[in-house]
Amino acid sequence: METNRNRHRFLLLPAALFLVLLAGIVAGAWYYYQLQETHFKAKVQDELSAIANLKMDQIAAWRNERLADAELLSKGGLLTSEMAPNEKIRDRFRRIGPLLAIYKKDFGYYSLMVTDIAGRVIEKIGDASHAPPYVDTAAILKVVSEKKTKIVDFYRCPACGRIHLDVLVPVFAGDTGSAVVGVAVLRRDPEQFLFPLIQTWPVPSRTSETLLFRQEGDSIAYLNELLYRKGAALKLRLPLKSKDLPAAQVARGKEGFLEGTDYRGVKVFAVGRHIPDSPWYIISKVDKEEVLAPLRAVGRTVLIVAGLFVAILCSLLVMLWLAYDRTMLLARHKEEIAREQAEEGLRESEEKFRNVFDNSSVGKSITSLEGQVNVNSAFCEMLGYTNEELAQQNWRNLSHPDDIALTQRNLDQVRSGEKKSARFITRYLKKDGSIVWADVGATLQKDKDGKPLYFITSAIDITERKRAEDAMQQAIGNVEASRRTLLSVVEDQKRTQDELRQSEEKFRNVFDNSSIAKSITALNGSMNVNQAFCDMLGYTKEELARRNWQAVSHPDDCELTQKNLDQLQSGEKKSSRFIKRYIKKDGSIVWADVGTTLQRDKNGSPLYFITSVIDITERKRAEGALQQSEAKYRNLFDNAQIGMFRTKMDGSAILEVNQNLLDVFGFTREEMLASPSTMRWAHPEEREEMARRLRADGVVTNLEVGFLTKAGETRNFLISVKPYIEQGILEGSGMDVTDRKKAEEALQESEKRLSEAQKMAQLGNWNWDIKTGNVEWSDEVYHIFQLDPKKFTPQIDSILEFSPWPEDHERDKELIRKAMESREKGNYEQRFLRPDKSIGYYQSTFQGKYDNEGNLVSIVGTILDITDRKRAEDKINLLNNELLQKNTELEQLIYVASHDLRSPLVNVQGFSKEMGLLANELVAITSQAGLPDRQKTRVSDIATKEFPEAQSYVSASVLKMDGLLKGLLKLSRLGRAALALQEIDMDEMVSGVLKTLEFQVQKCGARVETGSLPVCTGDPVQVNQVFTNLVDNAIKYLVPGRPGFIRITGKSENGISEYCVEDNGIGIAPEHQSRVFEIFHRLNPLASEGEGLGLTIAKKIVSRLGGSVRVESEIDKGSRFFVTLPGA
Amino acid sequence: MKKEVVILIAEDDDGHATLIEKNLRRAGLLNEIVRFRDGQESLDFLFEKGNGNKRERGTSYLLLLDIRMPKVDGVEVLRKIKADKELKKLPVIMITTTDDPREVELCFELGCSNYIAKPIEYEKFMEAIRQLGLFLLVVEVPVIDGGGKK
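Those sequence lines, one after another, are chains A and B. Once you know that position 1058 of the first sequence is 1058 in my numbering, the rest is easy, because the numbers rise by one and skip nothing. Once you know that position 133 of the second sequence is 133 in my numbering, the rest is easy, because the numbers rise by one and skip nothing.
Next comes chain A alone, as it looks inside the complex (with noise of 0.2 Å):
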């Protein structure tokens, strides 16, 4: 309620303020309509007043006039001083008859009469109709009896219905106041002169009249003709009552400025006269609809100016109110908030943000102090949990076990407000176990007194991402990897011989410290032993003495030994060492190196064997290790899908390939031994470049270089080595990179191709790439600048600075706006200033390029190098603005030339005519001169034969160069005149032609046939003039004598309407026929009329209507002419 009235109270006062202004307006408008209407009022009032006075003046003199003449005529004048003593007034009459006739007709007289003092008509001059006359016989009487000129006023003859004023003269016997003899009639036609007198208006107006009347009894007569009631003079009668009749006003004598009603019931504005000394009134008066005809343009024109004011005010108003009103709204919004924030707490809040929450598209928890979270759907659809599923789940629980520690630690520095939010990648599990990786956001929530909440975490998956990255990062590492592992397989191998020297020395450790066991080994396989191989085998002395060698021996080397024992018995060897496997006691197998000789006696025969035995079974385990490691290590190098390899340092060996070389180099691996690793080598320089880099920094990592095949091919590899010193050897290995290279060098070559195209077409190509901001432009690009690409880097703003003029950037950027707003292709014309400050146009096309989420991505576009095509557009531009003004320049001249040619025509014309007139006044004055009849004849010769003859060829040579000069103007007009272009239904115009040109038709008796007319596009008026100058011009050239033929066809074909007007005449010859369009040319001047225009005018037509006209005729048999005109 107190904010209602609050706003009343506010809106009182713009509302006060708005009546008050809106009744300014009103009151404003109206004064100014009323000052405009006083002044057109006082306008109209100066106007007539001026009128009617003059009007006045011109009647008063006028009777003024007629009574001074009478008066003349009586006293002193002709009839009275004429009069001989006694002489009878008829005679008198008669004797001064022509003199009288002289007055007639210099005063204007209708007729002259004189009666007797009884008035009956004694004589007349004039007025031959009047038979017998009329004369008002009472006013004659009275002037006999008064002796004193009188006016018969304005009357209707009853003997000839005409209007007449008559003023009667006594004619005295002698001298004035002497008897009356009778007495003159001057009778008076009022509508030789007075009326029109009267009538003519000296300003244009449309409704503007003088009236003359006077008053009879108790009606107004009108005397002259009205403007709007014909016959009325004398006959129209109106009350003098009438209020609104400006007549009757005058009348009643009201004299000046009136308004009123007029005789035809029309609101008028007057002003009236009383004509001195005469029973006349005068009305000068116009239509108030005329004179306030541009008064009601004010009016409207203020009425629109005041409405605007008060729209304005109106708008005005309702914007304050809007404005008020939603300050009203937005505060009472605020107050609601806080009373709902004091009444619901936070809950309300908390479920904005739920709904916040709950809608993104990006993964959102809230996550408790203690590590609870709480979810929105695209969380539980990133890691594949129902909603119900992750309820009250804690974090930890979800993210990878490697990541919590992390994760723990962005969040205690949020905690701790050591940082605001905090932003770190870390990897959940999902609900199947595969790992996301996600990009998170965290920030605390607290509460008002800084107390902490809960954690607001935003989490967006990135795992596609990274997979992509990693796999970048691992195609990236292909080779290092391969690399790596080599030199891995290289380290284990030696760490196997480090073993083997160990356990080598391990076993000669126990050979030192222990004494070597002995046998003493008789021809029968007993054995003799010492203690060291009685530990050796695990046997006591007495064990072994009852048993032989072969019962200690591997059963699988009984052979061996018996071989070797037999080799010394028989002398062959002196000694034998050989390696064999012993039994121990636990059965386990001992390994021996064994060395024995044969003892002898002095004769030779043999006595027994010693023997001496070393434990090798520790070395032997070695030496498997060993094997295994090399096996392990060979199953690597060979099935490696890289090159390896081992050589020499120097070159001059190679020590070991794996398949994977021998395939690529298609030798087998003995022909790959074979030769030294120089060989291989495509390009020597490319070894010593290796060397090089070898000796500076110990290793060489992907160097690139040529290796020669078994089929002579090269090849190329990227070559990780290192090198051995102490053992001489280099090792390293391979990669084939022949493919990806070539690859490369078609995808350069392409490029190149490219590059070129586009310098031919002058067509260059830009990308912009929205995320990085990187700007890519192809060479042309830069070629169209003229700028060089090793020192000018493009920005995506660069293209339009070129363009030093802000318009063109406006309009540009415009055109660019809409074409992302509408995601088309877009494009513009630019001109640009080149480095040297010529100017080039170019053509822009570009177009964005989108993501699957519709997100743009880069924008990509091209420039066309246009400036060609302007400068040659330019020039067209230029001359065909050269062509129109000449062509103006032409119609002027020709518009000139005739105006200015015929004005002397009418002096030619016009004194030749002026002679004739004089020749005439020759003739007369010869006439009475004394001059011999011959040279009267002479001159009467000259006069009325000759002169006439040589004017009539003046004036026909005139009239002829006058047709020309007019024809000449025509034709310049139609190159002028607007053209009303619309859809023409020939068949409709071409029978209005035939009807407009029947009578010619008829009059040559030609038959006229029409075909059916396709329609077409024009201007209706020139193709009419068209038609009827063709079809005119068929008639005209027909065969006189032969039946004529007129046809009249027409088809459409490609959108063209072709007309063919065909005629059966005389025909052009071949030579005529590209003539016959000129200007003024005729076929044959003599045999037919016209100024020869009417092909010309043609053809101009046809031609400014965008269609063609032609000929084709054969002499004697006809002309065919064509038509076209552009179809529908």
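Because the hints were derived from the structure by calculation, they are not lab data. Among the hints, erroneous ones may be present.
[Claimed, not checked] Below, a sample of chain B positions facing chain A; criterion: calculated Cβ distance under 8 Å:
id: 1; residue: ASP13
id: 2; residue: LYS118
id: 3; residue: GLU121
id: 4; residue: PHE125
id: 5; residue: GLU127
id: 6; residue: VAL141
id: 7; residue: VAL143
[Stated by the list, open to error] Rough simulated footprint, nothing fancy, chain A against chain B, three-plus residues with beta-carbon under 8 Å:
id: 8; segment: 16-27
id: 9; segment: 87-100
Cβ coordinates follow ideal geometry from the N, Cα and C atoms, glycine included.
For chain A, the structure is supplied; the task is to place chain B on it using the hints.
Positioned in the frame of chain A, the structure of chain B alone reads:
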């Protein structure tokens, strides 16, 4: 009593001027006639400039105006007259050789009182001027007072 209307003829062609004057006289017109040979002369007279003849204030004038004239053409003269506060009362009748509708329209737009195209055929010419003469006999012409300053 007012002074008689003075007829002004602006016409560069002596022949035309003679023919016009002759036929006006024939129609019974006895008024004073003043002749100008070009537009500039007419303007100097009306706007009271230069060394030549100048108009008298308080006199009624009526101007017969040709269009194509040396120095200043008739259309320009008409334009200047109708742009002047006082002189615009002066009735101007165009008498010219051209009957180009554009020219006619332009002159009426500028405010000429009438437009007469001079016919080449003399009978028609005579008749046209006679009609003009009769018109001039009865027409009322306002007096031109001060003004005339541009």
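How the hints compare with the structure:
1. For B:ASP13, the interface hint holds, since its Cβ comes within 8 Å of a Cβ in chain A; the closest pair sits about 6 Å apart.
2. Among the interface hints, the one on B:LYS118 holds; its C-beta lies about 5 Å from the nearest C-beta in chain A, closer than the 8 Å criterion.
3. At its closest, the beta carbon of B:GLU121 sits 7 Å from a beta carbon of chain A; the interface hint therefore holds under the 8 Å criterion.
4. Taking 8 Å as the C-beta contact cut-off toward chain A, the hint placing B:PHE125 at the interface holds, the least distance being around 6 Å.
5. At its closest, the beta carbon of B:GLU127 sits 12 Å from a beta carbon of chain A; the interface hint therefore is violated under the 8 Å criterion.
6. With a cut of 8 Å, the hint placing B:VAL141 at the interface with chain A holds, because the nearest CB-to-CB distance is about 7 Å.
7. A cut of 8 Å between beta carbons decides the hint on B:VAL143: the least distance to chain A is about 10 Å, and the hint is violated.
8. Against chain A, the segment 16-27 of chain B contributes 3 residues with a C-beta closer than 8 Å to a partner C-beta. That satisfies the three-residue criterion, and the hint holds.
9. With 3 residues carrying a beta carbon less than 8 Å from a beta carbon of chain A, the segment 87-100 of chain B meets the three-residue requirement, and the given coverage holds.
Checked against the numbered hints listed earlier, the structure breaks hints 5, 7; every other hint is satisfied.
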